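Got chain X sorted already, so can you dock chain L onto it with the hints?
As a plain string of letters, each chain reads:
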Amino acid sequence: MSMPAPTDRPVAVSLFRDAFALERRLFRAERLMPVIVAMLFCAIAYAIANGVAWQDRQNTLLASAQLEERARLDEQLGKLADMQEGRYTPPSAFQNPRSPLWVGLRHAATYAALPPSPLAVSAIGQSDLNPPYVLVSADTRESFALNDEIENPGNLLAGRFDLSFFIVFLLPLVIVSLSYNVLSSEREQGTLAMVASNPVRIAVLMWAKLGYRAGLVLLPLVAFTLLLLLSMGAPVLQADGPLRLLVWLLVVLAYVGFWFAVTAAVTSLGKGSAQNALILVSTWIVLVLVVPTLGSVAVELAYPVPSRAEMINTLREVKNDSAREADANAARYAIEHESADNGGAVSEKDYKTASQRVMMVKLASDRIAATMAVHERQIASQRDTTAWLRFLSPAVLLQDTLNEIAGTSDRRYADFARQVDDFHRSWQGYFNDRVLANRPLDAADYAQFPRFAYQPESAGVLIGRILPTLLGLLLPMLVLVVVASRGVARYPVDAR
Amino acid sequence: MLEANDLTKRYDQHLALDRLNLKVAPGEIFCLLGGNGAGKTTTINLFLNFIQPTSGTATVNGIDVAARPLEAKRQIAYIPETVMLYGSLSGIENLEYFSKLALGVKRPRAELLDLLVQAGLAPDAAPRRVEGYSKGMRQKVGIAIAMARNARALLLDEPTSGLDPQAANEFARLLEQMKHRGVAILMTTHDLFLAKQTGTRVGIMQRGVLAAMFGTDTVDHTELERIYLDLSYGKKAA
Chain X
47 MSMPAPTDRP VAVSLFRDAF ALERRLFRAE RLMPVIVAML FCAIAYAIAN GVAWQDRQNT
107 LLASAQLEER ARLDEQLGKL ADMQEGRYTP PSAFQNPRSP LWVGLRHAAT YAALPPSPLA
167 VSAIGQSDLN PPYVLVSADT RESFALNDEI ENPGNLLAGR FDLSFFIVFL LPLVIVSLSY
227 NVLSSEREQG TLAMVASNPV RIAVLMWAKL GYRAGLVLLP LVAFTLLLLL SMGAPVLQAD
287 GPLRLLVWLL VVLAYVGFWF AVTAAVTSLG KGSAQNALIL VSTWIVLVLV VPTLGSVAVE
347 LAYPVPSRAE MINTLREVKN DSAREADANA ARYAIEHESA DNGGAVSEKD YKTASQRVMM
407 VKLASDRIAA TMAVHERQIA SQRDTTAWLR FLSPAVLLQD TLNEIAGTSD RRYADFARQV
467 DDFHRSWQGY FNDRVLANRP LDAADYAQFP RFAYQPESAG VLIGRILPTL LGLLLPMLVL
527 VVVASRGVAR YPVDAR
Chain L
6 MLEANDLTKR YDQHLALDRL NLKVAPGEIF CLLGGNGAGK TTTINLFLNF IQPTSGTATV
66 NGIDVAARPL EAKRQIAYIP ETVMLYGSLS GIENLEYFSK LALGVKRPRA ELLDLLVQAG
126 LAPDAAPRRV EGYSKGMRQK VGIAIAMARN ARALLLDEPT SGLDPQAANE FARLLEQMKH
186 RGVAILMTTH DLFLAKQTGT RVGIMQRGVL AAMFGTDTVD HTELERIYLD LSYGKKAA
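Those sequence lines, one after another, are chains X and L. Letter by letter, the first sequence follows residues 47 to 542 in this note's numbering. Letter by letter, the second sequence follows residues 6 to 243 in this note's numbering.
Okay, chain X solo, but in the shape it has when bound (with noise of 0.2 Å):
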């Protein structure tokens, strides 16, 4: 028989496909495929229902509040009509539907919403701690900035399964448990042996080996991402939706990139599987668990936030100092129980306490911003530190930028905050004129009522957020393939 004599092509082209198509072969020999794919559509279509179930709750928080509102406009409007014809007689200024004190303090308060983003069901991030709108009215800023906790003390604490907390959390575990013995298994059954005799280098093999499981997790991953989001509804079509999803895609698999280099530089230390086990499991604790932890805390002891308790107490307390002053008491309870005397337009002495209310709220608003300053500003200090920090985990990095991409960052709700504040000087503004003028309100008035409309970031400043974090995970990523790939070079092959 004649023999074919060794060809002379590039080995590591002819190897990696060689070891690959192996790698194939013995999986599915071991019918290990349809498990693993399984394992992650499950995991996947949890955490996206859970996101999904989230958000449709968040959504139907936000419709029922749009409805309150509506229903309180229409009850002011019908009592308006009412006035004009005569059939109704406000029995008080505060329920004097031409009052702009208490239809901005009050009858017309209005929601403020923070829409979802597209990708929102994928990271619940945030807004769990955040409710999708605030309500707004000519009162102090202290009323909708301070929000109430509307989340289960024990959620918050645990985070809750979404597409986010499996991809951070559970899927460098995935990636661990099929790559931590690629060399060494075979090392330890003695086909490592029978491999290196040939002209093979050790690196292509494994690189090929962990190219093979990279497929293996992102190829389910990415398809089954697309089609459950798309399959249940989420609205990642719509808007910047399909860049929002390139991005998304780009920073997992930088991610999984990560984790795979990890493997890989451990592999190269030529240690037994159940060590690389050992150390692979450790590497995940220290940067998914104690890192973020340990930054956690030395955040809080670098920049401490005064108790939120304290602060309440405290706005409470300069509240009633500026009312007080500016003797609102006596104000208030005039206008909540004497009636008009003009036909239901703002009387002079309706005039006069309401008047005193605005510059109450006018003073306490004053004093309120000096004391909610110093905890804004810890706050800030704190998240500025944070953004530097999260680069020591890359856990910390990637759930920050799937937020981001969801729509349910920090950062986002910082911005709408901002948007809210400057909304809420605008309806104070709009009210208060009226108020010190003693321009009572018409139906025309009712038509002009400032309206909230958030204001997206644009995609440009959305993704120059997103480079660093990207930077950040592909930089270590390359410095532990470059470690990995020198290493592996003297991978101890026993000869039995």
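Everything labelled a hint here was simulated from the structure, so no lab data went into it. This one's a predicted model, so the numbers in the text were calculated from it and none came from an experiment. Please note that a few of the clues may not be correct.
SDA-like, lysine to any residue: derived pairs with alpha carbons at most 25 Å apart [to be verified]:
| id | chain 1 | residue 1 | chain 2 | residue 2 |
| --- | --- | --- | --- | --- |
| 1 | L | 111 | X | 317 |
| 2 | X | 317 | L | 74 |
| 3 | L | 105 | X | 531 |
| 4 | L | 105 | X | 537 |
| 5 | L | 140 | X | 531 |
| 6 | L | 105 | L | 170 |
| 7 | L | 105 | X | 60 |
| 8 | L | 105 | X | 257 |
| 9 | L | 201 | L | 185 |
| 10 | L | 105 | L | 59 |
| 11 | L | 105 | X | 67 |
| 12 | X | 317 | L | 21 |
| 13 | L | 201 | L | 59 |
| 14 | L | 105 | X | 538 |
| 15 | L | 111 | X | 538 |
| 16 | X | 317 | L | 170 |
| 17 | L | 105 | X | 260 |
| 18 | X | 317 | L | 185 |
| 19 | L | 105 | X | 73 |
| 20 | L | 111 | X | 71 |
| 21 | L | 140 | X | 234 |
| 22 | L | 105 | X | 250 |
| 23 | L | 111 | X | 67 |
| 24 | L | 105 | X | 423 |
| 25 | L | 111 | L | 136 |
| 26 | L | 105 | X | 317 |
| 27 | L | 111 | X | 247 |
| 28 | L | 140 | X | 260 |
| 29 | L | 28 | L | 183 |
| 30 | L | 105 | X | 58 |
| 31 | L | 111 | X | 72 |
| 32 | L | 201 | X | 538 |
| 33 | X | 317 | L | 19 |
Structure of chain L alone, referenced to chain X:
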């Protein structure tokens, strides 16, 4: 073809191989004998570049194994004491994979089956999973892999250990065939009978040193046994 020049391997304080000088010509079977820890497997590992020499060189067809391992490995085939294969693949699939690794080309299944049969494996065993193979059957796949590589040099590390006499005889016959094709064969073994039967020359190693080297036609089996026992467990040979 295979050449060791002052080849030395030291592990910390332990000298595993001490200045080995050895040449194996094409068409020659050189048998390395010696007790456990004598340095036989270390020698094979150095020729395979599984370990790096402390000093000296191992060359294959003039190519320094440590300096140009890929080129050197293109010239050699290797059969270990126990041929370890991928258990979930069949014998023919294992052969296909390893021959592709070595040659870079996929060979027709019929050719591969022929090689397995030449190596002594029953044709009906070829498509079965290797995890059900006996040690002898695995060794035969190992031989087929070596044959498929069409190598110019063959390294064998106690290849007949654990084989039944019939399988060992078949193995010896295959070695003879390869020798006649001009392959240089370096084999470590404890089997004096196999060494005398198939070897052209034998070397006896003791504590990392090649203590004796002679042609198999210069001694009979009894004499070979006496020298081996004296060197391995008794006085040093003159």
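Against the structure, the hints come out as follows:
Only pairs whose Cα atoms come within 25 Å are accepted, and residue 111/L paired with residue 317/X is rejected, the gap being roughly 33 Å. Of the supplied pair hints, the one linking residue 317/X and residue 74/L holds, its CA atoms being roughly 23 Å apart against a limit of 25 Å. Pair hint residue 105/L plus residue 531/X holds up; C-alpha atoms about 23 Å apart against a cutoff of 25 Å. A hinted pair counts as satisfied when its Cα atoms are at most 25 Å apart, and residue 105/L with residue 537/X qualifies at roughly 22 Å.
For a cut-off of 25 Å, the pair hint linking residue 140/L to residue 531/X is broken: about 35 Å separates their Cα positions. Between residue 105/L and residue 170/L the CA atoms are separated by roughly 32 Å; this puts the pair beyond 25 Å, and the hint is violated. Only pairs whose Cα atoms come within 25 Å are accepted, and residue 105/L paired with residue 60/X is accepted, the gap being roughly 9 Å. Using a Cα cut-off of 25 Å, the hinted pair residue 105/L and residue 257/X holds, with the two alpha carbons roughly 20 Å apart.
Simply put, residue 201/L and residue 185/L have alpha-carbon atoms about 17 Å apart, close enough for the 25 Å limit, and the pair holds. For the proposed pair residue 105/L and residue 59/L, the alpha carbon gap of about 32 Å is over 25 Å, so the pair is violated. Proposed proximity of residue 105/L and residue 67/X is supported: the alpha carbons are some 11 Å apart, at most 25 Å. At roughly 22 Å between alpha-carbon atoms, residue 317/X and residue 21/L fall within 25 Å of each other, so this suggested pair holds.
The suggested pairing of residue 201/L with residue 59/L is violated, with an alpha-carbon distance near 32 Å, which exceeds 25 Å. Distance check on the hinted pair: residue 105/L and residue 538/X sit about 23 Å apart at the alpha-carbon level, within 25 Å; holds. Taken as a hint, the residue 111/L and residue 538/X pair is broken in the structure, with Cα atoms around 28 Å apart against an allowance of 25 Å. With a C-alpha separation of about 38 Å, the suggested pairing of residue 317/X with residue 170/L is violated against the 25 Å cut-off.
Proximity of residue 105/L to residue 260/X is assessed by CA-CA distance (about 24 Å); at most 25 Å being required, the pair is judged to hold. Restraint check for residue 317/X and residue 185/L: the C-alpha separation of about 42 Å exceeds 25 Å, so the hint is violated. Proposed proximity of residue 105/L and residue 73/X is supported: the alpha carbons are some 19 Å apart, at most 25 Å. Distance restraint check for residue 111/L and residue 71/X: the Cα-Cα separation of roughly 15 Å lies within the 25 Å cut-off, and the hinted pair is therefore satisfied.
Between residue 140/L and residue 234/X the alpha-carbon distance is near 17 Å, which keeps this suggested pair within the 25 Å criterion. For a cut-off of 25 Å, the pair hint linking residue 105/L to residue 250/X stands: about 15 Å separates their Cα positions. For a cut-off of 25 Å, the pair hint linking residue 111/L to residue 67/X stands: about 12 Å separates their Cα positions. Among the hinted pairs, residue 105/L with residue 423/X is inconsistent with the structure: their alpha-carbon atoms are about 66 Å apart, more than 25 Å.
Taking the CA atoms of residue 111/L and residue 136/L, the gap is near 23 Å; set against the 25 Å cutoff, the hint holds. With a C-alpha separation of about 28 Å, the suggested pairing of residue 105/L with residue 317/X is violated against the 25 Å cut-off. Taking the CA atoms of residue 111/L and residue 247/X, the gap is about 19 Å. The hint holds against a cut of 25 Å. For the proposed pair residue 140/L and residue 260/X, the alpha carbon gap of about 35 Å is over 25 Å, so the pair is violated.
The hinted pair formed by residue 28/L and residue 183/L meets the criterion: a straight-line CA distance of about 18 Å does not exceed 25 Å. Of the pairs offered as hints, the one joining residue 105/L and residue 58/X holds, with about 13 Å between alpha carbons and a cut-off of 25 Å not exceeded. The straight-line distance between the Cα atoms of residue 111/L and residue 72/X is roughly 18 Å, inside the 25 Å bound, and the hint therefore holds. A distance of roughly 34 Å separates the Cα atoms of residue 201/L and residue 538/X; the hinted pair therefore is violated under the 25 Å criterion.
Taking the CA atoms of residue 317/X and residue 19/L, the gap is near 22 Å; set against the 25 Å cutoff, the hint holds.
The structure fails to meet hints 1, 5, 6, 10, 13, 15, 16, 18, 24, 26, 28, 32 from the earlier list, while all remaining hints are met.
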